[in-house]
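Can you build the whole structure from these sequences, using the hints too?
2 protein chains.
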Amino acid sequence: MSEMPMIFIGKRPTMNYVLAVMTEFNSGANRVVIKARGRVTAKAIDVAEIVKNRFLKDVTIEKMETDTESLPSNDGRTVSVSSLEITLLKA
Amino acid sequence: MSEMPMIFIGKRPTMNYVLAVMTEFNSGANRVVIKARGRVTAKAIDVAEIVKNRFLKDVTIEKMETDTESLPSNDGRTVSVSSLEITLLKA
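Protein chains in written order, with the working numbering: chain F, 45 to 135; chain R, 45 to 135.
The hints are simulated quantities; they were obtained by calculation from the structure and are not laboratory data. Since this is a predicted model, take the numbers as computed values, not measurements. It cannot be assumed that every hint is accurate.
If chains are identical, the list can't say which one is meant, so a pair holds when it fits in one copy or spans any two.
[Unchecked claim] Lysine to aspartate or glutamate pairs mimicking EDC-like chemistry, simulated, CA-CA at most 20 Å apart:
hint : residue 1 : residue 2
1    : K101      : E68
2    : K55       : D102
3    : K96       : E109
4    : K134      : E106
5    : K55       : E106
6    : K134      : D111
7    : K107      : E129
8    : K101      : E113
Printed below as a string of structure tokens:
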């Protein structure tokens, strides 16, 4: 199975990640995975929607998966955070 | 096709929506749909994860769909907002 490029969503503006995804597709990738944790899962959805609706009409969402990850918090306890993984597929 | 209960995610605390979903399942629903728009799509994912991981182990995510909706903004223009629909299924 070939390597799939991964784009990790963080605090930068949405369009930065849109550009990153498009760069991967334009470099020949058939699939690009967008990953996000916590509040920025909403931004991951924005990125996927913008890429497929506004820029690359032949891209669709192949798969969406959620998960719960346990992370150490600042006070030493463990917090549960939702994560989202969106696989985009270019036809 | 039977009616599926819908829970619309808004500004209230996450656990309010978790409770609303669980109430529907406990009232006999086999499927519950969670809908959200914009930033609170992240909260919708939290609600789904908490319901299935912490409270109802026989519930799974059957389907997740994203969309882009056009809404009028305060200054009279139109803004595009991502939406998310998660269908939870009870085994």
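Okay, the hints, checked on the actual structure:
1. With identical chains, the CA atoms of K101 and E68 are at most 20 Å apart within one copy only, with a shortest distance of 15 Å there and 38 Å across copies.
2. For the homomeric pair K55 and D102, neither the shortest alpha-carbon distance inside one copy (28 Å) nor that between copies (35 Å) is at most 20 Å.
3. Proximity of K96 and E109 under a CA criterion of 20 Å is satisfied in both settings, with 18 Å inside one chain copy and 14 Å between copies.
4. For the homomeric pair K134 and E106, the shortest alpha-carbon distance inside one copy (9 Å) is at most 20 Å, but the shortest distance between copies (24 Å) is not.
5. Within a single copy, K55 and E106 get their C-alpha atoms no closer than 25 Å, and across copies no closer than 30 Å, so neither meets the 20 Å cut-off.
6. Within a single copy, K134 and D111 get their C-alpha atoms only as close as 24 Å, which misses the 20 Å cut-off; across copies the closest is 18 Å, which meets it.
7. In this assembly of identical chains, the alpha carbons of K107 and E129 lie at most 20 Å apart whether taken from the same copy (8 Å) or from different copies (14 Å).
8. When the C-alpha separation of K101 and E113 is checked against a cutoff of 20 Å, the pair qualifies only between copies, where the shortest distance is 17 Å, while the shortest distance within a copy is 33 Å.
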